[in-house]
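All chains, please: the whole structure from these sequences, using the hints.
Protein chains: 2
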Amino acid sequence: MTARNVTLVGLGAMGLGMAQSLLRAGHHVTGLDHDPARLAAFAADGGAVAGNAAQAHTALAEAEAVILVVVNAQQTEAVLFGPEGISGQLRKGAVILSCATFAPHYAVDFERRAETCGLLYLDAPISGGAAKAAQGKLSIMASGRAVAFTAARPFLDAMAETVFELGDRAGAGSAMKIVNQLLAGIHVVSTAEALTFGMGQGIDPKLMVDVLSRCAGSSWMFQNRGPFIADGDYRPHSAVEIFVKDLGIVTQAAEDAGLSVPLAKTALNRFLEAREAGFGREGDVAVAKLYAEEGHCAIPGWPRKTGE
Amino acid sequence: MTARNVTLVGLGAMGLGMAQSLLRAGHHVTGLDHDPARLAAFAADGGAVAGNAAQAHTALAEAEAVILVVVNAQQTEAVLFGPEGISGQLRKGAVILSCATFAPHYAVDFERRAETCGLLYLDAPISGGAAKAAQGKLSIMASGRAVAFTAARPFLDAMAETVFELGDRAGAGSAMKIVNQLLAGIHVVSTAEALTFGMGQGIDPKLMVDVLSRCAGSSWMFQNRGPFIADGDYRPHSAVEIFVKDLGIVTQAAEDAGLSVPLAKTALNRFLEAREAGFGREGDVAVAKLYAEEGHCAIPGWPRKTGE
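Chains as they are written, first to last, in our numbering: chain A, 22 to 329; chain B, 22 to 329.
No incorrect hints appear here.
As the list makes no split between identical chains, a pair holds if one copy fits it or if it spans any two.
Straight-line Cα separation of at most 30 Å, BS3-like style, residue types lysine-lysine; simulated pairs:
| no. | residue 1 | residue 2 |
| --- | --- | --- |
| 1 | Lys-158 | Lys-227 |
| 2 | Lys-158 | Lys-266 |
| 3 | Lys-286 | Lys-266 |
In case anyone wonders, no lab produced these hints; they're calculated from the structure.
Pasting the structure below:
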């Protein structure tokens with residue numbers, strides 16, 4: 022394998038793991054982040070970090086690829102095309118892998134503007150969570166020109182277990198990702214609704230997770246999030262805020278297209294209520310606490326017992 | 022294996038397959054149904070049928086077990102304890118396997134009344150669909166006394182791939198079943214909502230089924246029902262009416278217990294609207310037609326093209 026120069030912007034829970042996977046594959050990885058603590062974390066892993074504009078400029082000028090693991094379309098646009106945007110610092114033919122979740126029309130626009138700058142663009146939203154990111158086993162829902170896929174291939178291989186190739190222009194990857202988020206967000210809430218409904222009737226939550234994981238009511242989220250609720254684990258493996266954002270994107274895209282999404286709206290309302298109740302930075306399963314309070318029933322870890 | 026006498030009441034889509042599985046296992050099976058066509062279907066399979074009250078009386082008097090595969094608690098009660106109820110015709114120590122889906126308090130009541138008659142009672146709701154019923158590969162969510170399990174064992178083994186033993190009294194099986202139906206009903210609707218949302222953005226439904234079945238948005242129902250929507254297959258593999266009934270049980274049980282179930286209510290409303298639109302006897306995926314009409318977009322098989 023050829024070691025290649027790659028810059029990754031956004032060393033958060035997902036980005037840091039992805040940067041580690043790229044390092045492990047032997048690439049020369051420079052991390053950028055506005056948070057010095059995140060830079061220090063990556064430096065501790067043996068990664069290069071750009072602590073000032075000059076260092077960032079050097080890294081970007083040498084990069085064959087830049088991977089954007091930022092929060093949304095606004096941040097992606099600012100990083101690429103803002104006043105200090107990197108599109109002018111990359112060499113011609115470098116490929117941008119854009120990993121944030123946003124509506125497809127942004128991806129179409131970013132691809133067009135990147136190409137105007139002589140850059141390649143891959144619409145490449147990611148799925149799988151922080152653990153899979155660190156293992157290099159993400160799923161990536163990608164679309165873009167064949168030349169962009171070819172340029173991105175070594176980096177995709179380092180970060181992903183599965184790369185879905187969904188079309189030859191940007192937009193198709195983002196479209197598939199938001200359909201996935203519609204399902205995933207509803208199913209986090211259905212998991213909480215089902216387990217609290219069952220607990221309210223006296224069924225042990227661990228027994229429900231065991232039995233229903235093997236029945237027609239099962240889902241990926243039920244199997245993944247169900248144990249957190251059964252254990253009272255409200256740590257932010259993935260936070261309430263993420264689905265406030267992603268189901269907000271879904272419901273906006275539906276409104277723009279004149280499509281009805283009543284379940285997604287109901288699920289979004291639960292996440293908004295959870296944030297309103299102060300659980301925004303807890304795990305997304307904290308929606309279970311709303312159900313427990315409404316039903317006046319105790320669930321594992323909630324209400325928190327005195328002394329905990 | 023010892024061949025045993027068993028009577029099965031309700032030769033519908035599920036009951037007929039279960040009766041066939043019992044026959045295949047070598048038991049002496051008598052089928053009861055008010056519909057002569059269903060009796061004829063089972064007779065054609067080599068089953069015994071009771072065409073009049075005297076024949077039914079003889080079969081019931083000889084039965085070690087009676088299996089009730091009727092629609093709801095009201096039918097179960099009528100068959101067992103109504104004016105022509107069978108509880109008085111069964112021999113002491115015979116076991117009743119009750120397979121309909123209903124609220125747990127009915128199961129508790131039926132067990133008590135069966136025991137008053139010297140009968141054993143197993144709360145045994147079933148899951149898996151008509152194909153699994155015919156293969157003897159159902160899942161059964163069972164609870165009841167140890168003696169009831171022992172008496173029911175040969176018949177459970179003939180009908181089920183998995184028997185969950187959920188407690189030593191009736192009620193626990195029914196409670197688990199309605200939690201499963203809450204999830205399953207929501208996930209049928211989320212499948213329809215996701216696929217129409219994606220199609221409205223131009224994504225091929227077969228590609229969505231393929232990709233999202235392997236992503237965090239997947240569910241048992243997405244994998245099972247998604248292909249029906251992608252193929253425009255609205256045959257009643259399982260009808261809209263079933264989830265009108267089962268989510269009605271769920272929302273009533275939630276109301277009785279003071280629990281909130283906003284997703285289940287939203288899903289129930291979709292099934293009620295589908296019935297209102299004339300799709301009650303079509304496959305439950307017909308809720309997708311509501312989404313297509315609201316979004317003014319065509320989906321496979323709907324609107325039906327001229328000449329189809």
